[in-house]
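Given the coordinates of chain A, work out where chain B should sit on it, guided by the hints.
Chains as they are written, first to last, in our numbering: chain A, 1 to 493; chain B, 494 to 983.
Read the hints as simulated data drawn from the structure, not as lab findings.
All values derive from a computational prediction rather than experimental measurement.
Hints are not guaranteed to be accurate.
Simulated pairs of lysine to aspartate or glutamate, EDC-like, Cα-Cα distance not exceeding 20 Å [to be verified]:
| hint | chain 1 | residue 1 | chain 2 | residue 2 |
| --- | --- | --- | --- | --- |
| 1 | A | Lys223 | A | Asp88 |
| 2 | A | Lys356 | A | Glu114 |
| 3 | A | Lys82 | B | Asp867 |
| 4 | A | Lys138 | A | Glu197 |
| 5 | A | Lys82 | A | Asp277 |
| 6 | A | Lys223 | A | Glu273 |
| 7 | A | Lys477 | A | Glu443 |
| 8 | B | Lys840 | A | Asp88 |
| 9 | A | Lys138 | B | Asp833 |
Cβ-Cβ distance ranges computed for the label pairs, FRET-style [claimed, not checked]:
| hint | chain 1 | residue 1 | chain 2 | residue 2 | range |
| --- | --- | --- | --- | --- | --- |
| 10 | B | Tyr831 | A | Lys372 | 53 to 59 Å |
| 11 | A | Ala300 | B | Glu844 | 51 to 57 Å |
| 12 | A | His141 | B | Ala829 | 20 to 26 Å |
Ideal placement from N, C-alpha and C gives every residue a C-beta, glycine not left out.
Each chain is listed here by its residues.
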Amino acid sequence: MSRTDWEVVIGLEVHAQLNTSSKIFSAASTAFGAAPNAQVAPVDIALPGALPVLNRGAVERAIRFGLAIGAEVAPRSVFARKNYFYPDLPKGYQISQFELPVVQGGEITIRVGEGEGDKAYDKTVRLTRAHLEEDAGKSLHEDFHGMTGIDLNRAGTPLLEIVSEPDMRSSAEAVAYARALHALVRWIDICDGNMQEGSFRCDANVSVRRKGAIELGTRREIKNLNSFRFLQQAIDFEVQWQIDTIEDGGRIQQATVLFDPDTGETRMMRSKEDAHDYRYFPDPDLLPLAIADEWKARVAAAMPELPGAMKARFIDDWGLSAYDATTLTASKEIADFYQATVDAAGGGALATQLPKLCANWVMGELAARLNKAEREIADSPVSPAQLAGLVARIGDNTISNAIGRKVFDALWNGEGASADEIIERDGLKQVTDSGAIDALIDEVLAANQKSVDEFRAGKEKAFNALVGQVMKASRGKANPAQVNELLRAKLGG
Amino acid sequence: MINAPITELRRALDAREVSAVELATLFLHRIESLNPQLNAFITVDREGALTAARTADERIARGEAGPLTGIPIAHKDLFCTEGVLTTCGSKMLSNFVSPYDAHIVERLKAAGAVSLGKTNMDEFAMGSSNESSFYGAVKNPWDMRRVPGGSSGGSAAAVAARMVPLATGSDTGGSVRQPAAFSGITGIKPTYGVCSRYGMIAYASSLDQAGAFGASAADCALLLAAMSGFDERDSTSLERPAQDFTAALAAPASAKPLEGLRIGLPREFFAEGLADDVRGAVEAALAQYRALGATTVEVGLPNLKLAIPAYYVIAPAEASSNLSRFDGVRYGHRAADYADLNDMYCKTRAEGFGDEVKRRILIGTYVLSHGYYDAYYLQAQRLRHLIADDFRAALAQCDLIAGPTTPTTAWALGAMADDPVQMYLSDIYTLAINLAGLPGLSHPCGFGDGGLPVGLQLVGDHFAEGALLDAAHRFQQHTDWHLRRPACAA
Numbered sequence: 001m002s003r004t005d006w007e008v009v010i011g012l013e014v015h016a017q018l019n020t021s022s023k024i025f026s027a028a029s030t031a032f033g034a035a036p037n038a039q040v041a042p043v044d045i046a047l048p049g050a051l052p053v054l055n056r057g058a059v060e061r062a063i064r065f066g067l068a069i070g071a072e073v074a075p076r077s078v079f080a081r082k083n084y085f086y087p088d089l090p091k092g093y094q095i096s097q098f099e100l101p102v103v104q105g106g107e108i109t110i111r112v113g114e115g116e117g118d119k120a121y122d123k124t125v126r127l128t129r130a131h132l133e134e135d136a137g138k139s140l141h142e143d144f145h146g147m148t149g150i151d152l153n154r155a156g157t158p159l160l161e162i163v164s165e166p167d168m169r170s171s172a173e174a175v176a177y178a179r180a181l182h183a184l185v186r187w188i189d190i191c192d193g194n195m196q197e198g199s200f201r202c203d204a205n206v207s208v209r210r211k212g213a214i215e216l217g218t219r220r221e222i223k224n225l226n227s228f229r230f231l232q233q234a235i236d237f238e239v240q241w242q243i244d245t246i247e248d249g250g251r252i253q254q255a256t257v258l259f260d261p262d263t264g265e266t267r268m269m270r271s272k273e274d275a276h277d278y279r280y281f282p283d284p285d286l287l288p289l290a291i292a293d294e295w296k297a298r299v300a301a302a303m304p305e306l307p308g309a310m311k312a313r314f315i316d317d318w319g320l321s322a323y324d325a326t327t328l329t330a331s332k333e334i335a336d337f338y339q340a341t342v343d344a345a346g347g348g349a350l351a352t353q354l355p356k357l358c359a360n361w362v363m364g365e366l367a368a369r370l371n372k373a374e375r376e377i378a379d380s381p382v383s384p385a386q387l388a389g390l391v392a393r394i395g396d397n398t399i400s401n402a403i404g405r406k407v408f409d410a411l412w413n414g415e416g417a418s419a420d421e422i423i424e425r426d427g428l429k430q431v432t433d434s435g436a437i438d439a440l441i442d443e444v445l446a447a448n449q450k451s452v453d454e455f456r457a458g459k460e461k462a463f464n465a466l467v468g469q470v471m472k473a474s475r476g477k478a479n480p481a482q483v484n485e486l487l488r489a490k491l492g493g
Numbered sequence: 494m495i496n497a498p499i500t501e502l503r504r505a506l507d508a509r510e511v512s513a514v515e516l517a518t519l520f521l522h523r524i525e526s527l528n529p530q531l532n533a534f535i536t537v538d539r540e541g542a543l544t545a546a547r548t549a550d551e552r553i554a555r556g557e558a559g560p561l562t563g564i565p566i567a568h569k570d571l572f573c574t575e576g577v578l579t580t581c582g583s584k585m586l587s588n589f590v591s592p593y594d595a596h597i598v599e600r601l602k603a604a605g606a607v608s609l610g611k612t613n614m615d616e617f618a619m620g621s622s623n624e625s626s627f628y629g630a631v632k633n634p635w636d637m638r639r640v641p642g643g644s645s646g647g648s649a650a651a652v653a654a655r656m657v658p659l660a661t662g663s664d665t666g667g668s669v670r671q672p673a674a675f676s677g678i679t680g681i682k683p684t685y686g687v688c689s690r691y692g693m694i695a696y697a698s699s700l701d702q703a704g705a706f707g708a709s710a711a712d713c714a715l716l717l718a719a720m721s722g723f724d725e726r727d728s729t730s731l732e733r734p735a736q737d738f739t740a741a742l743a744a745p746a747s748a749k750p751l752e753g754l755r756i757g758l759p760r761e762f763f764a765e766g767l768a769d770d771v772r773g774a775v776e777a778a779l780a781q782y783r784a785l786g787a788t789t790v791e792v793g794l795p796n797l798k799l800a801i802p803a804y805y806v807i808a809p810a811e812a813s814s815n816l817s818r819f820d821g822v823r824y825g826h827r828a829a830d831y832a833d834l835n836d837m838y839c840k841t842r843a844e845g846f847g848d849e850v851k852r853r854i855l856i857g858t859y860v861l862s863h864g865y866y867d868a869y870y871l872q873a874q875r876l877r878h879l880i881a882d883d884f885r886a887a888l889a890q891c892d893l894i895a896g897p898t899t900p901t902t903a904w905a906l907g908a909m910a911d912d913p914v915q916m917y918l919s920d921i922y923t924l925a926i927n928l929a930g931l932p933g934l935s936h937p938c939g940f941g942d943g944g945l946p947v948g949l950q951l952v953g954d955h956f957a958e959g960a961l962l963d964a965a966h967r968f969q970q971h972t973d974w975h976l977r978r979p980a981c982a983a
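Extracted from the complex, chain A is given alone in its bound form:
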């Protein structure tokens, strides 16, 4: 049997660290990188008698997420204790939510693959739930001469655990979902998305079944994948391993596995038999979390336009392609930059063309330059207003695209405050005066009799060479369309 006889089923559990300045149950700071155990309140180190107090900022972020994915934000949810012993879990239990999570249901539409047409498609992934919980500390096994060091700075950091339905059918879909979720939590400003620092971690539940089978296969959970590349590699390895195992007559046992980035393989961490009995029960130190409609309404009123809505608007109102609209809403920073550029470019007679022109520049020249310079769009040297000024001059034929790139270079290098200033200063204004272009054409024809002869003999290439000569003579400033038209008239006439 081959790979194509199998269907892959994937569900993701993502831990998104919420970007509150203090911890979920204490006033200690959540800032990354402090000296070990410098950021701990009595409750974070589980001193006897210390009690948790819920950070409403963490709840507000959970509400924001629930609203963003069209989920039900539970009017009443319950914090529960998940009991197990580990040195970096100071209380001997983690405060989490179990039976009644704060966010229930919801969905996210993802675009799988790149480009247009058959190469890419949209898919909706359903979410099961999202719940609030606290992070554990860190166990440090190096530098302690065979002993273990415990750093509790991270203990009590707020997390939103986001659980999807097993709706994904390939590693590509899983990665597209993870990316969309990553973009969303940053978009609504609930998580900084820093994967190196562990702010966004994925666990993947993976199983395979024969095509057409109704029952799900037995799943194995791959823990703690902290990059999209590892997510893809781990799933691909795991899928092949499961198929090989079954085809060799084996059976999949439910288990938790770890991915080793060095070998690209997954390996067993614990089997179902070794699984903890977490003895969940409602935490008597915390009241049930009540979220009134007014609170939800206040949060909703402060929500930014969501990527889905923005994307639809770009397609429906501005005529962008699905690909362009997807690319421009890949992150809030890109979308904001693009929106600001279109807004600044203004409208007038050109209103219908500008959004597409702006899109081309943001996705083309700007993206390429940022990429080369390894800069984020948020610190682009060219501002949306500057780019808008440039696009407007191209749109109204003041300059050509080619000259536009020169102006862009000047803006990028800080050699001028605006496109207009640079065009004026460097005399880059496009020549549209027919008389002036006529004169240039005459000069070029007189100096290039050979090309004229070749064209007359039927060589179309020679025409392009002549256009190039005229453009060169104008130092790029002649309107290329006009040059074309006038030259053809002259040669044909």
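The following block gives chain B in isolation, referenced to the frame of chain A:
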């Protein structure tokens, strides 16, 4: 002086008849002479007490004294006290010096009360006799061969023996009221949420509540007023205006001060299992209540018998989780030799906890386990609601509920050592009040066989602690049971 009510000590301090330092020294001296026999204190903080007393004297001199400024108190050793050993009666915390103060400790410090030290208790507040303490049993001042009750046995014995005029306690299933009854003093557990649990080492979080011990209701009212109040660091602390528990007490005495008060007597409190001597003393006290103008009416608490099984599922379940933090990693006892992490956990906890604590951790772990949770924990929560409904129905027919605090008087040391369930059953009248979150008070109401004190329990609706203190105070204005002292305090 040692037997004076707090208001009298206050007057003497304000009149400079005695200084706070002299008062502290007087009671420290009593502790030094009596503690070797009674074992009521785990830690005596002589130096801290004298420093606090000097500060109190300065405050009194400035005319800025509050009701408790300069008054000696003691804290049950489960309240965290900054810079002072806080053991919870356990080997596990025998080396634990708290880096912070519990909310009630903070409040009493701010009030100028002078803490003399930390009192003995059942280990992690688990017990009804104060025999499970790592620091040894506390003796009943009325009869040194008997238990003082528990778990706040040290506080109760200390007040009864006048080693200190006031002491804090905690009550999860009767741990203030039962030792108050056994030791012949007054004790009150307020409504759940009235005192902050912040810094009170947790046994069963949904049942734990701080309480106050004094000779009389009037003394308790002063202490409780200073301890209680909203604390944003405890999510179950109730955000409501502070109550002045002493206001009602000032009203002038009259011949029928309890006219109009309807007292409900649950028939289940007077059923089988109640010792004759306790019944006799309680019924005589109820006659006195009637003589003061109150009427009594029989009420029912049909689900009372379910309180013990419900309590012994819920409390151990919460305890098994609350005590997980005592793992030898960050503070407290850690085994000296171990092979690996798991071995460290096992040895540390095996060595650090006593039998009763282990028993309850095992029960709690069992009832929360996969497959048993619904049958035990959820079922117990349902019973808890039934019991609360019973009290609601009973309190609809009366203003207060009254009955014996305990089925018997104090038993002999070691009498129940081999029968923990028998000891659990002795809390039948007090446990249910914690399950319902209601306030309860026990005051002395006579003596049983062998001259042992008997307590009468009053129970009110939520936030009725003022009414409980008021009723007890009127009773005490016309009786002298609360003025009787054991020989060691005579």
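Inset, instruction - Mind checking the hinted window 51 to 57 Å against the Cβ distance between Ala300(A) and Glu844(B)? - result: holds (55 Å)
Inset, instruction - Take the C-alpha atoms of Lys223(A) and Glu273(A), compute the straight-line distance between them, and say whether it is at most 20 Å. - result: holds (17 Å)
Inset, instruction - Sort out whether Glu443(A) lies within 20 Å of Lys477(A), counting only the CA atoms. - result: holds (16 Å)
Inset, instruction - Confirm or reject the claim that Tyr831(B) and Lys372(A) have a C-beta distance inside 53 to 59 Å. - result: holds (57 Å)
Legend entry - Pair hint Lys138(A) and Asp833(B), alpha-carbon separation not exceeding 20 Å: Distance ~18 Å between Lys138(A) and Asp833(B) Cα, so the pair holds.
Inset, instruction - Sort out whether Asp867(B) lies within 20 Å of Lys82(A), counting only the CA atoms. - result: holds (16 Å)
Inset, instruction - With a cut-off of 20 Å on the C-alpha distance, tell me whether Lys138(A) and Glu197(A) pass. - result: holds (12 Å)
Inset, instruction - Go ahead and decide if the range 20 to 26 Å is satisfied by the Cβ distance of His141(A) to Ala829(B). - result: holds (23 Å)
Inset, instruction - For the pair supplied as a hint, Lys223(A) and Asp88(A), confirm whether the alpha-carbon distance does not exceed 20 Å. - result: Satisfied, since the Cα-Cα distance of roughly 18 Å is no more than 20 Å.
Legend entry - Given hint Asp88(A) paired with Lys840(B) - CA-CA distance at most 20 Å: With Cα atoms ~19 Å apart, Lys840(B) and Asp88(A) stay inside 20 Å; holds.
Inset, instruction - Verify the proposed pairing of Lys82(A) with Asp277(A), using a straight-line Cα cut of 20 Å. - result: Holds, at roughly 9 Å.
Inset, instruction - Measure nothing beyond the straight line between the CA atoms of Lys356(A) and Glu114(A); if it is 20 Å or shorter, mark the hint as holding. - result: Roughly 19 Å separates the two Cα atoms, so the pair holds.
Against the hints set out earlier in the document, no violation occurs for any number.
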